[in-house]
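Enquirer: Here is how the chains run, residue by residue.
Protein chains: 2
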Amino acid sequence: MCKRGFKKITYSAISELSGISIATISRVINNSPNVREETRKMVIDAMKALGFDTSSLEAIGSKSNDLIIFNIPSLDNPFYSLIIQGAKAAAQRNGYNMLVNEDPIDEKSYDTFTDLLKKTNAAGLITTNCINRTTLLKLSAFIPMVQCCECISNMDIPFVTIDDVSAARNAVEYLISLGRKRIAFINGPLEYKYAQDRLKGYLQALEQASIKKDPEIIIQLQEISYDMAVSAAFQLLNSDQRPDAFFASSDVYAAAAIKAVRRSGLEVPKDIAIVGFDNIELSTMCTPSITTVNQPKFQLGLLSCEMLIKRISGELIPISSMYMDTELIVRETTQKPSSILSLPRS
Amino acid sequence: MCKRGFKKITYSAISELSGISIATISRVINNSPNVREETRKMVIDAMKALGFDTSSLEAIGSKSNDLIIFNIPSLDNPFYSLIIQGAKAAAQRNGYNMLVNEDPIDEKSYDTFTDLLKKTNAAGLITTNCINRTTLLKLSAFIPMVQCCECISNMDIPFVTIDDVSAARNAVEYLISLGRKRIAFINGPLEYKYAQDRLKGYLQALEQASIKKDPEIIIQLQEISYDMAVSAAFQLLNSDQRPDAFFASSDVYAAAAIKAVRRSGLEVPKDIAIVGFDNIELSTMCTPSITTVNQPKFQLGLLSCEMLIKRISGELIPISSMYMDTELIVRETTQKPSSILSLPRS
Numbered sequence: 001m002c003k004r005g006f007k008k009i010t011y012s013a014i015s016e017l018s019g020i021s022i023a024t025i026s027r028v029i030n031n032s033p034n035v036r037e038e039t040r041k042m043v044i045d046a047m048k049a050l051g052f053d054t055s056s057l058e059a060i061g062s063k064s065n066d067l068i069i070f071n072i073p074s075l076d077n078p079f080y081s082l083i084i085q086g087a088k089a090a091a092q093r094n095g096y097n098m099l100v101n102e103d104p105i106d107e108k109s110y111d112t113f114t115d116l117l118k119k120t121n122a123a124g125l126i127t128t129n130c131i132n133r134t135t136l137l138k139l140s141a142f143i144p145m146v147q148c149c150e151c152i153s154n155m156d157i158p159f160v161t162i163d164d165v166s167a168a169r170n171a172v173e174y175l176i177s178l179g180r181k182r183i184a185f186i187n188g189p190l191e192y193k194y195a196q197d198r199l200k201g202y203l204q205a206l207e208q209a210s211i212k213k214d215p216e217i218i219i220q221l222q223e224i225s226y227d228m229a230v231s232a233a234f235q236l237l238n239s240d241q242r243p244d245a246f247f248a249s250s251d252v253y254a255a256a257a258i259k260a261v262r263r264s265g266l267e268v269p270k271d272i273a274i275v276g277f278d279n280i281e282l283s284t285m286c287t288p289s290i291t292t293v294n295q296p297k298f299q300l301g302l303l304s305c306e307m308l309i310k311r312i313s314g315e316l317i318p319i320s321s322m323y324m325d326t327e328l329i330v331r332e333t334t335q336k337p338s339s340i341l342s343l344p345r346s
Numbered sequence: 001m002c003k004r005g006f007k008k009i010t011y012s013a014i015s016e017l018s019g020i021s022i023a024t025i026s027r028v029i030n031n032s033p034n035v036r037e038e039t040r041k042m043v044i045d046a047m048k049a050l051g052f053d054t055s056s057l058e059a060i061g062s063k064s065n066d067l068i069i070f071n072i073p074s075l076d077n078p079f080y081s082l083i084i085q086g087a088k089a090a091a092q093r094n095g096y097n098m099l100v101n102e103d104p105i106d107e108k109s110y111d112t113f114t115d116l117l118k119k120t121n122a123a124g125l126i127t128t129n130c131i132n133r134t135t136l137l138k139l140s141a142f143i144p145m146v147q148c149c150e151c152i153s154n155m156d157i158p159f160v161t162i163d164d165v166s167a168a169r170n171a172v173e174y175l176i177s178l179g180r181k182r183i184a185f186i187n188g189p190l191e192y193k194y195a196q197d198r199l200k201g202y203l204q205a206l207e208q209a210s211i212k213k214d215p216e217i218i219i220q221l222q223e224i225s226y227d228m229a230v231s232a233a234f235q236l237l238n239s240d241q242r243p244d245a246f247f248a249s250s251d252v253y254a255a256a257a258i259k260a261v262r263r264s265g266l267e268v269p270k271d272i273a274i275v276g277f278d279n280i281e282l283s284t285m286c287t288p289s290i291t292t293v294n295q296p297k298f299q300l301g302l303l304s305c306e307m308l309i310k311r312i313s314g315e316l317i318p319i320s321s322m323y324m325d326t327e328l329i330v331r332e333t334t335q336k337p338s339s340i341l342s343l344p345r346s
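Those sequence lines, one after another, are chains A and B.
Residues in the first sequence are numbered from 1 upward in steps of one, following full-length UniProt numbering.
Residues in the second sequence are numbered from 1 upward in steps of one, following full-length UniProt numbering.
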């Protein structure tokens, strides 16, 4: 259809006439399934107008089934449910189906995973996983995708996430403003970008307040586990290094800290103040309810999915990623009930 | 291929020779996508041996993509995560993919939902939804399916669930054995089979102990909502009808009862004992930790999926459904820490 040597110029011409991106035009010409029928038609019309024989393309018809796969590392983690609901709302609004897959995405699972995408004829992918750079590159060449929450930001792959560094810094500054001086940190596995960034934010807040970093009170968990967090926090509370506050990089860890404090015969927030992260339902269900950093979970999902659909449709958009705002919600783990400033739901 | 009038005899003959069920043979002959390649081959071989011309069937080839859809009513409910993990383990072990869909299944959504099953070329379906009889019948004729947990038991559609009546009765008998006499019940929407059966079990236990049923202390929620449960329980605790215990048909409701008791200035378990249901992670995260009925969630998922795969493969099995055992796990909402009999994880 396109003579070698003229390919680049031709693609540009089609792109100029149709307003469709070159990447999408390439997908139409290579008969990739991940193109919407309207888009395919626009490309074919432009090609016809430019004098190309498009009969073979027209005969094929679209194979897309308008299915989006939302991939999560673990169904155990209640953090994802509102995000998924947001993404699903955007999918439905745009006439797409969305299914959820729970799987790691790494070199080992890459073939099985892309096999699943092929078999289900998926049109696009949203990931919330921690994925290495090489695998991400391969994956984004395979299917239109958007990274949600967990991401590598300095690649040409769009993402919707929060600024974890400043969110964590604000949370720790708040604990410092309450007069706490020995603030322990319970963090998740450091391969996650969120864990690296929340650690950065924690350290920045300490530095700004001229509080010396103490590695003894930084609990670096190897897996995301409530039980491991309880024992690590309990051990710290019953050592010579007892902190006067915990900053936890998730509400599940904050709940674990509450359990450990009570088991040590201490009181929250009198002896130990606690701030969590995520504002999942658990944070209001716990007693005392957990002061936490709210992530706009529904919006994170919704915007990721809308961004993905634009990419699937081949709309001529540059890679424009997004950082969304967070807010600190003050509840009972940092202040006595009478002095609570803002207490939604609890 | 099969002459009219001889069809029934012919199907039986193929079934006898191949060991494949008549339903599956019908699916092969009607070229339904939901048949495994091995099974298709066995049917075709048997047909050949019986002197049929199978060339058109052989030309078609299998269209199955070995995809199982696991449908849940809500991703919000942490009850489903271990069940899904169990089902996924069985799927992977048998070379199937499994994706999760969150959607209601009713008359209104039926077409959209079956459209999704068609588009993804799904081989089988596991439902955990509350589905009416008519919709269930249509759905089971459309695709091989198994009901997991929530089910209608007196239909020819297989299920894997628990005996909710006896599990609830045991839980309430335990509260009675602790000397509690005014046991309130927080229950979910009555369209769910589990809610109807847990109510039955609750009433049976009261009757056996000659405790008069008091409709004033039965909280019948219209939706599955933590917030609604907190306010309903709080209202009851601050009325003339104050109970001395709560039996809750889920751990989320039990957590809500703890919150309401504390807000009323009362103590758990001294003033109010609480028993939940499900044994989700929340039950150990709460303080006090929640005494609850354990459901074998991973096994429920695993066995549902294994049963489904047998049906997809067309193995000659009768509809054999399954009730799995539950157990009461005693934690801090019913006994002081020192007297706790069994306290896994907490």
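To be clear, the hints were calculated from the coordinates, so they are not data collected in a lab.
Misleading hints may appear alongside valid ones.
[To be verified] Subject to a maximum C-alpha distance of 27 Å in a straight line, what follows is the list of computed DSS-like cross-link-like pairs (lysine-lysine):
hint, chain 1, residue 1, chain 2, residue 2
1, A, K138, A, K118
2, A, K310, B, K200
3, A, K41, B, K138
4, B, K212, A, K200
5, B, K119, A, K118
6, B, K270, A, K119
7, B, K119, A, K119
8, A, K118, B, K310
9, B, K119, A, K270
10, B, K310, A, K119
11, B, K270, A, K118
12, B, K119, A, K41
Enquirer: Holds or violated: K41 of chain A with K138 of chain B, Cα cutoff 27 Å?
Expert: violated (37 Å)
Enquirer: Within a Cα-Cα threshold of 27 Å, do K138 of chain A and K118 of chain A meet the stated pairing?
Expert: holds (14 Å)
Enquirer: Check the hint pairing K119 of chain B with K270 of chain A against an upper bound of 27 Å on the C-alpha distance.
Expert: violated (57 Å)
Enquirer: Against the 27 Å threshold, does the CA-CA distance of K270 of chain B and K118 of chain A hold or violate the hint?
Expert: Violated: K270 of chain B and K118 of chain A sit about 58 Å apart, past 27 Å.
Enquirer: Holds or violated: K310 of chain B and K119 of chain A, Cα atoms, limit 27 Å.
Expert: holds (21 Å)
Enquirer: Does K118 of chain A sit within 27 Å of K119 of chain B, going by the straight-line distance between their CA atoms?
Expert: Holds, at roughly 13 Å.
Enquirer: For the pair supplied as a hint, K119 of chain B and K41 of chain A, is the alpha-carbon distance within the 27 Å limit?
Expert: holds (21 Å)
Enquirer: For K212 of chain B and K200 of chain A, compute the direct alpha-carbon distance and say whether it is at most 27 Å.
Expert: violated (61 Å)
Enquirer: Taking 27 Å as the top limit, are the C-alpha atoms of K310 of chain A and K200 of chain B close enough?
Expert: violated (52 Å)
Enquirer: Can the restraint linking K270 of chain B and K119 of chain A be considered satisfied, given a maximum Cα separation of 27 Å?
Expert: violated (57 Å)
Enquirer: Tell me if the straight-line CA distance from K118 of chain A to K310 of chain B falls inside 27 Å.
Expert: holds (25 Å)
Enquirer: What's the verdict on K119 of chain B and K119 of chain A, does the C-alpha distance respect the 27 Å limit or exceed it?
Expert: holds (11 Å)
Against the hints set out earlier in the document, violations occur for numbers 2, 3, 4, 6, 9, 11.
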